[in-house]
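Each of the two chains sits in its own frame; use the hints to bring them together as a complex.
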Amino acid sequence: MLRLWNAISCLLLASAAAASPAYSLSFENTAIVRTVDLGGSLVHVTTTFAVKALKEAASVYTITLPEDEIFNTSWLEVKVKGTHQPLTVTYNGAPVDSKSHNLDVSLEKPLAAGANINLVLETVQTHATWPWPQKAAQDEDQSLKYETSLFVLSPYSTSVQRTKLKSSSPRIISYTTPENVEAFTQENPVTKSGATVTYGPYNNVPSSTNQEFLQEHQQHVVLHYNYDYPVLEILKLKRAAEISHWGANLNIQDDIVLHNAGPELKGQFSRLQHQTQSFYGRGAPHVLPLFTVHLPPGIRNTYYIDQIGNVSTSHLRVAPSVARGLKNTQSSVMELKPRYPIMGGWNYTYTLGWDAPLGDSGSYDSKTGKYIVSVPVMTEVPGAVVNDAEISIILPEGATDVDYVAPFTALSNEISTHVTYLDTVGRPMVTFKYKNLTNKHAKPIYVSYRVPVFAHLRKPLAVSTVLLTLFTFAMVVRRVDLTIHKTPSKKM
Amino acid sequence: MSTAYPLPTNISPSTVANTASLLRIVAFGLISAAAIASRLFAVINFESIIHEFDPWFNYRATRVLAAKGFYEFWNWFDPTAWYPLGRVVGGTVYPGLMATSGVIYNFLHYFNLPVDIRNICVLLAPGFSALTAWATYMFTAEMKDPSAGLLAAAFIGIVPGYISRSVAGSYDNEAIAIFLLMFTFYLWIKALKVGSALYGALAAVFYFYMVAAWGGYAFITNMIPVHALVLLLMGRFSGRLYVAYCSWYVIGTLSSMQVPFVGFQPVRTSEHMGALGVFGLLQIVAFASLVRSHVSSKQFQNLLAISVVTMGVLGAGAFVVMTYKGWIAPWTGRFYSLWDTGYAKKYIPIIASVSEHQPTAWPSFFMDLQLLIFLFPAGVVMCFRELRDEHVFVIIYAVVASYFAGVMVRLMLTLTPVVCVSAAVALSTLLDTYVEAREPDAPEERTEANGSNADGKKAKKAGGAVGSQAGTAAAAAASSTISDLVSATRSSAGSPRQKGIWGADARLVIILNAIGMLVFFVFHCTWVTSNAYSSPSVVLASTNPDGSQHIIDDYREAYYWLRMNTPQDAVVMSWWDYGYQIAGMADRVTLVDNNTWNNTHIATVGKAMSSPEEVAYPILRKHDVDYVLVIFGGLLGYSGDDINKFLWMVRIAQGVWPDEIQEPNYFTPQGEYRVDDRASETMRTSLMYKMSYYRFSELYGGGNAVDRVRNQQIPKVGPTLDYLEEAFTTENWIVRIYKVRKEDALGRDLKTANAFAQGKKRKRGKPVSRRRAIV
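Sequences listed follow chains A and B, in order. full-length UniProt numbering puts the first residue of the first sequence at 1, with every later residue one more than the last. full-length UniProt numbering puts the first residue of the second sequence at 1, with every later residue one more than the last.
With the rest of the complex left out, here is chain B (with noise of 0.2 Å):
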């Protein structure tokens, strides 16, 4: 036989074997390495510090576990948020997260080892990215082979559409969940391919982990059943199946009701319903073939399968009728957002202001997975090829995911494992065939060519005769590039070949090609990561005039500055977005934060906002609020500030006044949003609009004022503040804070007594009218 290039001859099988393991090992090794070093840039650029809005709350959240314990933690009543409601941390919360880093933490310091909790939770993402790496690895071996693992998890170590999610520092439910989907995952087919309750049981403790994780979870829950039903739909039912489902759904689902926020929602929600019409499914067909190895008639086999279907359908009905008498929980808001991405737009503003709800962008599935997503569908072709029951799950997962992907930014998540996956097998399948030593055998054998990968075949036939495990593993070992070198070395052995390539030429280009290709993916991610996804956005980078870099730190210096100089018990009213950040570096009490369960509180905050002084004083009152917290990026140009989310809180007001507060009212008659003096009435009058210029034309001296976000120019004569003042600016001007007054001492309102208070002589129309009156 030829071989395109010169093989060694003289190496024994199980020395090619250690090499290969060793290889791996060091593969994996530096695969871990490079996940989690490119996820430090924020660590190096910045400091370790908690990103962004939902981690400071988890972060808050942990240290109150880490300190206090699990069951104080548990039982934690947080009076500080959703003032006056207060929340319930313990029941409203995914604690897995929390616990893990309780554990961690826990463990270390057992060990006198002193690591402050913060560094724990700053880099818990990038530790769980080596393990997600790890359980790729595994999951995309089963696929097909360990080589295609390890091009899997090398591209889910640095893809950008994961580092997004899990830099150092982003301390969030995500960062942990998807090792714990592919884990799960991993699992799920390893039980369904041996047919082993405890590799079923495993995969119920990791979705259990999973549900405790993160909200996510009912990915999962669906994912599986939906896998079990297509197989069952494509005949493939097999008592492999069945105990691996069994044993999955009934410990997973027992499990993850010890959950206090998901409690009895796997019986009660319809996200949960697939699966338990799954199980019954999976029974009834269990009976039918049981019943049919023991019956041979041919009528009682029609008539068993007519009472499976009316089973079936009985089933179904049932579950629509509660469903309509209320006893199973109607789908939720999000859920419908999924179907329709104009839902949320239309009935729930609060939903649809989170930048991460929105539809996906074309360009980010490029900046997110870059050349992957090119090779996905190749890689789900390759599936198609073989068509195993774990090829079935990954084409489900690879279709619903990007369904997903295209409707919400946040699902980009879930689609990213399963693209690594694809791509790696499409990538590894290339590379197999391309680095393939033996020259296929003359073209006159070439009788019978009916596949591409004949051997590949081959093996999978001979391995079918054995057992399944032990089939996938013969299929998986033959068709790999190890041990084509091993049988080509030993060339008597190999069988004949009737497809290839010929020639080392041929080979070389197609795989410098491929390797071009994967450099440029490196770059891609190393420079995506950098500039997208390392920024804390806590604090923000701009660079000196020598080049230096200069750190804008606003937020924690307003934070700070409310830690140490307001009371401990004052009451700060901000938009959510920063109600998680105030609590957790400000620590003082908040209306309403990032967990947006009542609309109604958020509404309040955003009718305050956006109505005038007068109005807003009795709420701000009412509500016992201090401080007013804004954030205002008209000095330096931050366009994430609060009059450009202005529109959104007015929009949440509306949905609860729409008596009062009324969207057009904001714009100019000609439909523009403007704030410099062709702003509308409402918009100048609203405290938004007043706290965030407050003065802000005095800075300029006699000059302009303009604002960099918006490019327009301020009035010269800017608002005037009565019922408020200024507490705190920070040095840029991002976070200006008000304190509310208290009621005149002497019972006018305080826009009288501010007047009186700067000498001005009340106004002359006035007290004319009253003398008219008398007269």
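Chain A with its partners taken away, still in its complex shape (with noise of 0.2 Å):
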């Protein structure tokens, strides 16, 4: 699967430049419609093509994705409408300057000439809205802006395609009205409905990968709208995952630097404002009061702590553990308040660590003699983005044969050591890190290994060894007598 494309196609830039466009029209499409949902740091966009093959035995179909924002994706899936498999796809690179990006898609089978197929291609954008005005008053409407090019790009010819911007309220302060958009409509090209905005539908669109079509067609739109829920941003998150086999659990913590991404704030923060606004319900959108995130069932010793201390003003609803294998439907709720409301432009850094049973996300495969532990990627935060992720599993000491399968590829992972609690060679450490994590992200990774009964019984051989170590000395002491000459009596 692909993702992390402002890495991954950095790297590939140089090497896309040579590759010539070189497509053959094996498809065509009969209808692409992209629905935009806009929100704060996460938007989510669902492209659908309804496609036609004009080709015997047609299987890699080509979607490409303008350069903005193959930048500001993070997550991207294909399917064929209907399933949950996802397809496979490639990243093809870069035709030489048409500042988009091909990626190929392999359909399961070949498509006979004239069959149809409906490819739903669904991306998550971060940081692709900001913050219009730049500063919001305590009192003032949080608005941001949303910028996306007015057609979706295909080296197909298209008969007709539109793009639906959704936003979450109905108050959408403006939106770019397309122009010289007559070859492709009579009528409107936008229109405005509730808390969505159609640009389309749009006839007849050519082959737009081309240069041609990019330089005198394709322009930008920008919706500038409400929104009502803080814009968060995780700036770094660092998750540590500690596998005991001796305490049968499982200790994960994250440490989370939390940041408004919203408008800043104007002037200076009123406490009697704020509580003037809370009493009465109105508060401001983009301060973030409180939030709730969902943890794992069956959970213990929870603790929500800061630099400086415990946060005291959080609540916790466990849910009882569920054994492993059956259907997981609940779990622990945990309403978290930072110690200050977060105004626009604020920070917060926190940690929030739990202890959870080993049983309920490790099994041992008796088959190959290893150990198989699931540790999530993430927990989400609602609407955050993770900016920076570090995600460390620590794995008892002695632990051989270490292997793990990631949901996605890591910028970078790699096997270190650890050393904590009496251990007397360390622990092996499997650190992963990421970048622009989402809600689609929150996905487990599936480390195995292999501990010998010996790394088991390493801990208490090495402690008692000290403990009778140290017995024998003072055995040793309390019998030697040092003395270089005995006073028989002392005097008065």
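Quick caveat, the hints were computed from the structure, so don't treat them as lab data. This one's a predicted model, so the numbers in the text were calculated from it and none came from an experiment. We treat Cβ as the ideally placed atom computed from N, Cα and C, and that holds for glycine. There could be a bad hint or two in this list.
Unchecked claim - Selected chain B positions facing chain A (in silico; Cβ < 8 Å):
hint, residue
1, Glu47
2, Glu557
3, Asn565
4, Glu726
Claimed, not checked - Quick partial rundown of chain A residues pointing at chain B, CB under 8 Å, derived from the structure:
hint, residue
5, Ser270
6, Asp306
7, Asn310
8, Thr349
9, Asp355
10, Val419
11, Val425
Structural data, given as structure tokens:
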């Protein structure tokens, strides 16, 4: 699966320049519908391609994304409509001067000429919106801007395409009216109804990846809309998962740097105003007073602390532990209230950790003699993007044959040694680094390893050896007389 | 011989001794556990957090020490404190506490035990309280016997007077200092008893540790010489005293000078001169006794006596001259305030403004010591009965510490150990007398009753023949219950007793009574500890309507906001109480903090707080102040707020600028301290008043805004601010932070600029007068 375009595409740009656009017209699009769900830091885009094969045994469909979009896209998936299995997508470079990138989708089985298929491209864009105006006072609304290209690019000709921009609130302040689109539509090029702005339908759009089309017809549209929830960014997420076989415990600790990326607070914070607003239930949309995260069921010893101690303002409802293999419907709900309401532009750091029964997420495979433990990449903070993530999984001391399967490729991963609690040789630690994680990325990493019997006994042996040495030493010291000469009695 | 209750007869003495030693170990383990456990109220009720004010600095310094190593710590210059002066931390702290935690931290981490440095700091005081209990046990065992030692250990383990300074989280110098104090005293007594240079040197080593740990080391520096001097005057000079004192003084003084903060003080300040004088006197006396042992002439001895007296007088005279000339520093203000309780209030308001420097109120003796305060005199009297050298020490200690405890609240801490020791001696004597199984012999045998405990006296006499060490051991053993049991079982060996108790009923009444008192003592200690001494004061507790605990966490809310949302180099001005907390929790630059070394700087802050905005603004700007932090309890009824401390700010500022700040101006003409509409003009225009009540009345809508600390109604039209703007106020309004505005870009003064921005017209008066001037 593909992800992390901003990293990979940079690497590939050079090689891609050489690639020539050799798309034989094996497909045509009967319809393209793009739906953009406007959010704060995350924008979900669903594009449906109704595809008709023109040649026999056409099996590779090319999707083209414009350059500015591909840098924002942090998650991408292509499915055949109505199925759950994502299709294989390979990056196929950027044609020269086209400012767009091609993705080849391999269909499961080649299409016969004239056959139809509906492909659904789902992407999540991060950092695609920006607050406008850039500063907002405590009693003002929050409005964001989102920019995208008018036409969905495709190397194939398209009979009809439209783009729907959906905002969560009907208060859309402004939107661009495209010009110079008479070639594709006779009607109004853009319509607004409620919270949705629709561009199109545009008929008979030719292959749009060529220079000519891009210069003549492609244009950018900007939507300025009100957004009623705070725009959250997790600047840094550090997750450490420590597996303990002696305690049958999986400890997960998240160190989080949270930032409100909405409009910056204009002037200063007034508690009076904040209290008045929340008293009347009219809290400002760009303030984050509290938020909720869902933790695994059956957790214990949950702690919510920051650099200066326990944050006492939180509530936790723990769902009972669910045996592995059963369908898990419940999760523990943690209501986190930061020390202070997080206004636009403010930062807050915290640490959230818990212990979970190891049996809920790990198992022993007696055939291979290996343990398999799953550790989720992240716990979703609603509506937030994780800019930088570092996930370390600390295995038991003496674990060998460490192997892992990540749900998506990491920027970098390494195996190092971590020394803690009375370790003698240290524990293997697998570290993954990611950028721009979204709610779609909250999937488990599977780690498998072998622990020899001796490794289990290493710690008690080490501790008892040290203690025995101490006792022996004390015994010897008690029995050795170092007095140089004995005084029979002291003078008074 | 008759016994009051049956005793087993078939137990060998070695079994009894072994069982007793096992029981002692078990009892001591339980005492340690109780001492540690009773200090954990704060951790259980709240969390593992550093308490109050000074501990925050110690914690911060310890973090530096743990992270960067000892040499970095030694050379640490902290530019963020006392802005813009900075503070040389390495040379102005007693590093013992931090070094102790640093050593523990490194030790644990060497064995791969990743204990957080904060937890080490929080739990250091409870840990050391167990050691204090042990040191007190050893000390008291030297005084009487191990059973009295166990009682003393139990007392010091749970007595509130000591707990008040050593609950978990109270990470202050006193946390380890009391252990060091008791252990140094124990070693001194031991050295004196044995006449051993080894124990003297050990005492010196622990004295050095004490010097490195707490400014109160001067107490030891003077207690030991006074003890030596008194022994000398009592005619108890001996080779043991000479060896013990000289080895302690020489090694102790030299090593104490290695602590940078102490430096040459041991030879240059008056507080240390007593020890030096006694050292010199001992040399003279030793020399004299040496000469006397060789010369028998009566005249020569007279001559010697005269010369000794002359040398003493000359030495004292030289001391006076050197003080007068300034070679020896005169007494410091804090020292004077020990003799004259009104001194500080008159001359150094900054010392008087600290609540723990106030004279002790009588109820607090009972609160801190409960039953021990009644047993204490009895124990001291017991010491007079035998009056060995170590008993003299306890008597002197008791007298001196009682005086000091009456002068200053915080010195209750130094009184507590001797109270525990004396009370344990008294109570243990009582129990010994009444638990003793043997009944006195027939009345006709009581012919030469010359002491209430003839047995003990005899044993002491017997011991005296053997040697002091063995003698004490024998005396201790002979008067202890255990050995009485032993001797009672071998009934034939028992010596005839002249005095004692008949029957079991009398014993039972007294013993049950004593046990009852002890039980009440335990309840009292637990109650005081949990209610009075276990609040971190950083977080406050209240109860929800449903009975659950509600934490009021405004301090940390504000500090964390500062830490997260202001520039790293922002300068925060606040009253000095909060300096260490801001540095520790908010990690920002402060003007003044709890290390009150620069009175003028503090007075500057006091002046800024008590002046009108226009006067304060240049001061703020000159000190690069970005934020001003005030504590305001009016909404919640939190009485420890800045308005209540305000008069101290005024007084301290008045000490430096008597022309500009005058305390009477802050009172109403009737002499009342008010904040409502009858408050004086000076009060209402002061920066502190404005910052505290800014927009406070608006919170009540149109209703009556009441300050719940002072129970006064705040005027409906609140103060306005031109040079500052509100930047952050916590949930319960306890901490309010104001941002200092930058100078107006157009060069107007901020008042005019503000009025312009709000669209107000200029006051009519002004243009008219100008026109008139033109005409």
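Report task. Just pull the numbers of the violated hints for me, sorted ascending. Result -> 9, 11
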